[in-house]
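Engineer: Residue strings, one per chain:
Protein chains: 2
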Amino acid sequence: MIYLDNAATSFPKPETVYKAMENCISTYCANPGRGSHAMSIKSALAINETREKIASLIKVRDSLNICFTKNATEALNVAIVGSLKEGDHVITTCMEHNSVLRPLKTMERYNRIKLTIVNADSLGRIDPFVIKRHINKRTRMIACTLSSNVNGIIMPVKEISRVAENSGVLFLLDASQGLGSVEVDLEKMYVSMLAFPGHKGLMGPQGTGGIYVSPDVKLKPIMSGGTGSRSEYLYQPEQLPDRFESGTLNTPGIVGLGAGVDFITKTGVKEIKRKKDELIKRLLDGLKQNKSIKIYSPENVNENSGIVAFNVNDTDSSEICAQLDKRYSIECRSGLHCAPLAHKHFNTSKIGMVRLSVGYFNTLYEIDNTISAINRIIYDKVN
Amino acid sequence: MIYLDNAATSFPKPETVYKAMENCISTYCANPGRGSHAMSIKSALAINETREKIASLIKVRDSLNICFTKNATEALNVAIVGSLKEGDHVITTCMEHNSVLRPLKTMERYNRIKLTIVNADSLGRIDPFVIKRHINKRTRMIACTLSSNVNGIIMPVKEISRVAENSGVLFLLDASQGLGSVEVDLEKMYVSMLAFPGHKGLMGPQGTGGIYVSPDVKLKPIMSGGTGSRSEYLYQPEQLPDRFESGTLNTPGIVGLGAGVDFITKTGVKEIKRKKDELIKRLLDGLKQNKSIKIYSPENVNENSGIVAFNVNDTDSSEICAQLDKRYSIECRSGLHCAPLAHKHFNTSKIGMVRLSVGYFNTLYEIDNTISAINRIIYDKVN
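Taken in sequence, the protein lines are chains A and B. In case it helps, our numbering puts the first sequence at residues 69 to 451. In case it helps, our numbering puts the second sequence at residues 69 to 451.
One or more of the hints may lead you astray.
The list makes no distinction among identical chains, and a pair is therefore deemed to hold if it is satisfied within one copy or across any two copies.
Heads up, simulated DSSO-like pairs for lysine-lysine below, C-alpha to C-alpha not over 27 Å straight-line [as the list claims (entries may be wrong)]: (1) Lys110 / Lys334; (2) Lys286 / Lys173; (3) Lys338 / Lys349; (4) Lys153 / Lys205.
What the hints contain is simulated information worked out from the structure, not anything from laboratory work. Since we're looking at a predicted model, the values are computed, not measured.
Construct the entire structure; sequences and hints are all you get.
Structural biologist: Here it is as structure tokens:
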């Protein structure tokens, strides 16, 4: 089996992730931050260790500004629903995932906000100046992805964040794609809120994710409930991270995420990117030889977070993926990847795209086999 | 170590839970319901198997009416925030957890709903007739816990649900405490929404839970985002369970939960209750010999979901728990247990309660040791 669906969920995880989770759940996994007994304290400490590790990875001074959520979608909803007020104007891009588009479109539908969705260039790149041109005095937020989950293009988020900073508007960074292999340094970049999943580039398990909330930003929670803090108080507490961590957290998952981040820190974000670049380069070099293949991803690996999206003439992407799966056990993804406007942009709403997304554990040998398999599938289609 | 904090998180889990999770995460854990490749399909099938198992446990005909959430708190927020409209009247009880009280109090605070909190009797029991008396024509929901997380009292939920049914109002059952050892049969009881955690009586891992939504009930989601379905659509889809399952689900957690539910089904809910009853009886019999101990939990095990809550004279509960932990490695919980109104009711807001909560894997030997330890702590305090 060759796994090339890392943009959805990275697989496999480092062995240390499995071990940390197994150890947690079978030896000390009590309720974190609720009891004061040894296991409960150990669970709470383990969660806060992961918090520290993520803070250190993205250069956040106070790890308490990082709140754990079940996935990046919850984090994005907290950021969007929690910060926007009646009459606000928001600028986002056609390259966003439904986890950004749906909350925004829903608020727009009920006339709560005005929404501008800026277009991209032929590679899916967003021009910060186009965003700047749309800013008006009601603009309250710019929401942009770090990198497209459709074709892997890395966005000029530093420049976009500067536009937000200079205009005094919130900048929401959806770091779902790229974090772990694309450098994100919050000491060097203005970010009001950053949403991240644990199960993709951070190499943790599913069921984890989080939101960084800048100390300047006040957000309303989208849920309230037990926090283990201020139990006597009948409303949601103000302090972070409790404000956004109602109910029992996913301790074994968060512990696994901590081990994933450890692996990244030890290996180095740059080294992970270098390895992925090498795989992407080989994949691109191989696929572009075949004239039936149209590639949508950037050739310049500095602009690519680890995805090669393509189609074979006008064949439905699901047909190619099904053949890769059934004939070669190559696991990748077809369809719209929950990003409908990106496909509208690329004119692929009907057939979708075949998306190959590499991870640190893929090998050049796997890439070569994948190229051969695709060529063979195309050959068999024609002949 | 003796673990008596099962009302917070059950521990240990059946061995099969660890094995199922380990197998899932290390061999097939791709994105469920997103890709169409073998691993993705296997993950989606595994999630739906757990859905079926839970449906069969609580006797729900169509498992698609069960949606997975990160914990019971999210489920309760979906039920409360998603169903109530401006001007609605809600009846709940003083025995509820903050996961019910905080969302309701928050809606009341912003004048969106009227809230009646009914009182309990000396054992924390809620009288269905008291609830009935408070129903008026604006009443839209009755929200009640299956069993108190403070003292373990099992509520007369069948009778309360009948009041709701006869009055044509929604019945929200918080099954956080009791599910897995207290029979819950939705074929025999009117329930509009049922919220459950995975990590307590269902013996699954943290990071899991869900909501059952009756086919008659329409709920607004509290989040929107990618669902892997209707990707081209820029709003949250209507169909269950997708409507409430935005973003990547916690596949390994849900698989573990499935193994937990299997264990319960194989062992039998009645047998689990019988075993817990035996432990509770022994604990109560032992503790009531000591005149310094005041017990708040029901002596009749038919009314007790597995908790003995007590205090030692007017000693702060945290002092007793700390000694149990440090001197005897007995892990239990002190304080308010996120249920402030219950403590107001029992007049224990200041000192809280020591809560011993048993699980299926506790032994009579552990219970005897716990009784001795408590007696010894009390003896040392006096002498």
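Engineer: Look at each hint and say if it fits the structure.
Structural biologist: Hints, one by one, checked against the model:
no.	hint	result
1	Lys110 / Lys334	within (24 Å within a copy, 32 Å between copies)
2	Lys286 / Lys173	both (22 Å within a copy, 20 Å between copies)
3	Lys338 / Lys349	within (16 Å within a copy, 60 Å between copies)
4	Lys153 / Lys205	within (14 Å within a copy, 33 Å between copies)
Violated hints: none; the structure is consistent with every hint.
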